[in-house]
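All chains, please: the whole structure from these sequences, using the hints.
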Amino acid sequence: MTLLRTLLVVVLACAADGALVLAQQPPPQQQDEFVPIDELPPQDQLPAAPLLVTAYSFVVLALFAYVVSVARRLTTVQRELERLEGDLKRGDSA
Amino acid sequence: MPKSFMPLAVVCGLMFAVSPILIADAPYESTMGLVQKIFYVHLPSAWMFLLGAIVCGIASVRFLFRGDPRQDRLAWAAAELVVLFGVLTLVTGPLWARKAWGVWWQWDVRLTASLMGWMVAVAYLLLRKYGGPGSDKLAAGLALFGMANVPFIYISVNYWRTIHPTTSVVPTLPTSFGVPLWFSAATFLLLFLLLLRMRVRLEEQRARVDALYLSMDA
Amino acid sequence: MFAHIVWLVLRKDFTIEVRSLEIAYTTIFFSISCVLVFAFALVQEGRAPEGGAAGILWIAIAFAGTLALGRTFERERQAETLRALLLAPAARPAVYVGKLLGIIILLTAAEAVLVPLVALLFQAPLFAHPFWLVLILLTGTIGFAAVGTLFAAMLVRARSRDVLLPVLLYPITVPVIIAGVRATATLLEPEVDTGVLQVWFALLVCFDVVFLTLALWTFEPLMTD
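Protein chains in written order, with my numbering: chain A, 1 to 94; chain B, 1 to 218; chain C, 1 to 225.
Fair warning: there could be bad hints in the mix.
Said to hold, decoys possible - Per the computed footprint, the stretches of chain B lying under chain A, defined by three or more beta-carbons under 8 Å from a beta-carbon of chain A, are:
hint, stretch
1, 26-36
2, 87-95
3, 108-116
4, 205-216
As the list claims (entries may be wrong) - To be clear about the criterion: a stretch of chain C counts as covered by chain B if any three or more of its residues have a C-beta under 8 Å from a C-beta of chain B, and this derived list gives those stretches:
hint, stretch
5, 49-57
6, 146-160
7, 209-222
Hints listed in this document are in silico derivations from the structure and should not be mistaken for laboratory results.
Think of the CB as a built atom: it goes at the ideal place given N, C-alpha and C, for glycine as much as any other residue.
In structure tokens:
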């Protein structure tokens, strides 16, 4: 179980890291003079797709991780409940 | 678990599968373009975050003044959901903000108050886990103060000059944006109710285990 | 009757404290060390950062307040006097108000030391508008102490109470701290904008009313077993 948890953390960290790297601008080159323009050319604008994909995948992964967490806790408690009820029944019959 | 749980869970899953189609079909927003589509998960997450805080607060009041343990279980479950949906809101928001505002985070009222509200929920969970006996009542007191924060979070954006969009965005949404948003919101609400039911069930089972242990000692 | 109980609780705490002055001395010394740490950390080449004084003052108040709250109720726990107080035929809210006033007086004493110290170390004109400064400090302290006294009292019987008090207290009192810092910062400017100042002050009063009401309402059920 700890392996699965570590794997999940690594995947999430890589996804976030990828988004961060893609979201940063490339370093500027040395210039002799400045030329004004009204709007940034498309290749210089921050790419939106990685941010969008990261957002949606994070939502899906987080919700999935929570459902798994609750389900696991439920099965643990269920098992303990069954064990206790078994013990009590054996105690009653003995 | 009630008999309706599994069918509703299937419906919820199907709704989650269908919503990306609706979201992809929605038009682009004029100033923000593609990244605005995060709106369809950010806003429902934020709504569930606030709803969770209200449920936790009301359940806490009822537990404090009437002592009903079912309200305590509901409050604990709601607090966990506040942390969950708070994380979703606080992650999807900055991802959207990086493109729309140029910064990951801003210390404006809405964001600061939301972050503080989320931290109150985390403090609630820490108190329940590490506070020892009697922490159920103490956490209920904490949740009350946390719930007082909720209306502040919601209206703050209308009264302070902040960078976050105001609450008038949703009532004035054109239908082409509205359809995927309300569908997504319904999906999240159904998911919230299902998760709440599951989590309360966990507490009910734990209470049964405790009762069994106590009856064995007697 | 209510006021009488408040006075009795306050007098009891004051009498005990005056005998050793333990909490007063340690809180004041802690506040001084706190401000000095900030001074060493933030002062570069002999000059303090611009506009840092307001934030540092309120952080020192928050930290000293948390310490004072912890120590005051630890003393109650050791002698089991809190249980005695709750068993007494006194209205619970009156006990709460008595303890609250004690904490406010203690914090005010700490602030009396802190304000000149911060004004000196960070070259901040804190004494330019003393009336407004006193109002802001008072309302901010009441807001912080209102929540702090409630949480410290209810944590007396909990495990990990030392670390849980700041964990619970800070997220709730952050709005009070923010309003206090912004109001103090506005006061420190060469041209004080009274409009902005009044807005932050009104917000502080609002928080005080809400927190006091909630605390008075929940003190009884929270302290009952």
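Verification of the supplied hints:
1. 26-36: holds (count 3)
2. 87-95: Per the Cβ count (5), the hint holds.
3. 108-116: violated (count 0)
4. 205-216: holds (count 8)
5. 49-57: With 0 residues close enough to chain B, the hint is violated.
6. 146-160: With 9 residues close enough to chain B, the hint holds.
7. 209-222: holds (count 6)
Checked against the numbered hints given earlier, the structure breaks hints 3, 5 and satisfies all the rest.
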